[in-house]
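Going down the list, the protein sequences come from chains S and Y.
Numbered by the numbering used here, the letters in the first sequence go through residues 1 to 581 in order.
Numbered by the numbering used here, the letters in the second sequence go through residues 1 to 207 in order.
No wet-lab data here; the hints were simulated from the structure.
It cannot be assumed that every hint is accurate.
[Unchecked claim] List time: in silico EDC-like cross-link candidates among lysine to aspartate or glutamate, alpha-carbon distance up to 20 Å: (1) S/LYS195 <-> Y/GLU9; (2) S/LYS517 <-> S/ASP534; (3) S/LYS195 <-> S/GLU570; (4) S/LYS195 <-> Y/ASP178; (5) S/LYS538 <-> S/ASP519; (6) S/LYS250 <-> S/GLU155; (7) Y/LYS10 <-> S/GLU155; (8) S/LYS195 <-> S/ASP573; (9) S/LYS195 <-> S/ASP544; (10) Y/LYS10 <-> S/GLU570; (11) S/LYS195 <-> S/GLU545; (12) S/LYS22 <-> S/ASP534; (13) S/LYS195 <-> Y/ASP68.
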Amino acid sequence: MATVTIADDHTHFYHPKTWIGKYVWSQDHKVIAIQYSLTAIAIGLVALVLSVLMRLQLGFPDTFHFIQPENYLQYVTMHGMIMVVYLLTALLLGGFGNYLIPLMVGARDMVFPYVNMLSYWVYLLAVLVLVASFFVPGGPTGAGWTLYPPQTVLEGTPGHEYGIILMLVSLALFIVGFTMGGLNYVVTVLQARTKGMTLMRMPCSVWGIFVAAIMALLAFPALFVACIMMLLDRIAGTSFFMPMIMSMGKDLGYEGGSPILFQHLFWFFGHPEVYIVALPAFGIVSDLISVHARKNIFGYRMMVWAIVVIGALSFFVWAHHMYVSGMNPYFGFFFATSTLIIAIPTAIKVYNWLLTLWRGNIHLRVPMLFAIAFLFTFIHGGLTGLFLGNVSVDVPLSDTFFVVGHFHMVMGVSPIIVIFGAIYHWYPKITGRMYNEALGQLHFWITFIGVYAIYLPMHYLGFLGVPRRYYALGETAFIPESAHLANQAITIAALIVFAAQAIFFYNMFWSLFRGPKADPNPWGAASLEWQTPDTPPKHGNWGDELPRVYRWAYDYSVPGAARDFIPQNEPHDESARYHRT
Amino acid sequence: MSLFSRLTEKSWETPGGEHVDPAMYRPPAARVGVIVYFGVITVLFGLVSSAYVMRMGMPGMGHGAMGDWRPMPEPPLMWINSFVLLLSSAAWEAARIGARQGRADLMRRALFGAGALGILFLAGQLMLWREFSAAGYYASANPANAFFYLITALHGLHLAGGLFFWVRAVMGLRAGADVRLPIELCAVYWHFLLLVWALMLALLMST
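Throw the hints in and build the complete structure from the sequences for me.
So, in structure tokens, the structure goes:
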């Protein structure tokens, strides 16, 4: 059994013989990608149900008696943590990263297939430990997804007995599993590109995933350290984060710990995490827009550099989550400045997407609809980020629904919309079947309009000062009747969007068996994953010989060419002249 | 090709490159993987160190209550362990030289020595833990103690992971496989962990 397969060397290539070897303990990156994706989507559905329960409580308080205050806090916590870490990170890097990297760079598999397999199983273990926390006495932790000490481990916080321990253990496991996967993604991009695939010929998707994987390798250790230290505070009685606390007249035995230290560690992970999720989405959306507008991506080099610059800058902005934490006020000045600087490369990307669409031959198929929808939601969420990046604006808006609206738009809805677009885009390649276009369009429009119905009013609620994480608002003087009305409307919209996802799952599942056979390259895309000899690609991806790359991934509508796209593995001839952006 | 010229390549108008076999100039993937992992270790220990300094009560940061930090003593065993780790690293270097120069006998002996010294180091660290806890330096007693246990545990786990690859190298050697690359990578990994330990030791000593 070989653990290293690169370049054209498939003499050592391990071919499993049994069904279990092919589909369960598989070392094939495509199978692992599907395992990752299905697990992430399954746990994501749990988080989705939790969000519906939260909305029911917020829209119609005093109606659902099974939702008690502690349950509500548990829903908030688990919804946030699952969505950010176990769904988005795992799906974009573990799912799309695994599937796309080897296919897009022209490799037979990841460079360390065995480690790749291990990565998935450790991830699954982390998910199971997390799910187990629903079934222990006291339930899962209700500390909020940021897990701020000291309240996280104090009596009175739901799940302070076992829930928090399982959460911390699960996160530590996730990070160990992710590090294995991340090493694979980075080294595969660096070492397993096929002949002619220079770094600057890689599609933007690979660039986004590559930079995000590097960032994740450098950011997750912060969360790892924070989890271990908090675990020790909880079970070994250390005082890393826990200050001296008298609870009910009793000294808890802690002394001198620094809760702000935890916040620094958490957000040193937490902010890059936003971009770990966003950068793959940026990359994927660039490819979707280019393919479906039949036009090369505008400013390719600028797009790549912007991804790298955003990745680097995102390590210097973490304390903008902590303006009201009581840290040194001078920090706020530095971090507000660095935060606003990130807007520059981000704006470059947004302009380039718009300029790619400009005078393009736009095909409004389902993936393209989602890609364009992303431009709306991302610009929207990005602009409210500029509000919150300024200390003086952030202070009154902090911990209100404005923040909830902002981050859901920018890192909840936007990546999810890209994920939907990406699933629709690559579905024919992954399954070999075509989905139902009409159902896809229906799913798109309900989802797109629905998320605005959900999150736009939240900004208004935030301006009113409605606090987040509150179980019920009760009779509060400064909250007008309209806020309650808005909350009801949001809940109804959320229920509709929730129900509409059934269309998506039905479409995916039905098409898997009954969908028409898909063309190997239904969109006329130029990147390598569409040029595989088999659809869906077989184990080893490329048949006998690895593809050879002669051009970048964006040769669309080249003047003089026979077709409106030229695959990356097609040699140059004199019929098509080079065109410049 | 330099990184700068790679990243400034105008990929839409530069033909060529497709006839160069990347296998000609690329280092083995495992070597790149180890180097990338060094980045992860650097961040991990860097963050623990900055948490250490902040928790001590860095002036002006407003963290932690001043005065609850009581530094730990530095018993001779700590120095003995450090010396054992240094010897272990030296043995790995000898194994690497043996592997590179084709001196199978040197390679074999140094390989066994390096692993044995690595195990000895871990055993010594465990003895150090027992010595400290027997003297009442529990993790819960003081943040300085807690950080000491945390740092030594993280470092020890990384070394134990290295020993896993040592076992694989030994088994590979017995099976007659080419173990030059594993030995080279293990040696570099050991040197790196020695460097990390030296820096952590300096942090523990200076505070």
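Hints, one by one, checked against the model:
1. S/LYS195 <-> Y/GLU9: OK: S/LYS195 and Y/GLU9 at ~16 Å, within 20 Å.
2. S/LYS517 <-> S/ASP534: The given pair, whose Cα atoms are some 13 Å apart, holds under the 20 Å limit.
3. S/LYS195 <-> S/GLU570: Given that 20 Å is the threshold and the Cα spacing comes to 13 Å, the pair holds.
4. S/LYS195 <-> Y/ASP178: At roughly 27 Å apart (the allowed maximum being 20 Å), Y/ASP178 and S/LYS195 break the hint.
5. S/LYS538 <-> S/ASP519: Judged against 20 Å, a Cα distance of about 16 Å means the pair holds.
6. S/LYS250 <-> S/GLU155: 12 Å, holds
7. Y/LYS10 <-> S/GLU155: Violated. Y/LYS10 to S/GLU155 sits at ~60 Å, over the 20 Å cutoff.
8. S/LYS195 <-> S/ASP573: Holds, at about 18 Å.
9. S/LYS195 <-> S/ASP544: 15 Å, holds
10. Y/LYS10 <-> S/GLU570: Distance ~18 Å between Y/LYS10 and S/GLU570 Cα, so the pair holds.
11. S/LYS195 <-> S/GLU545: With a Cα-Cα distance of about 11 Å, the restraint between S/LYS195 and S/GLU545 holds, given a limit of 20 Å.
12. S/LYS22 <-> S/ASP534: 17 Å, holds
13. S/LYS195 <-> Y/ASP68: Distance of about 60 Å is beyond 20 Å: violated.
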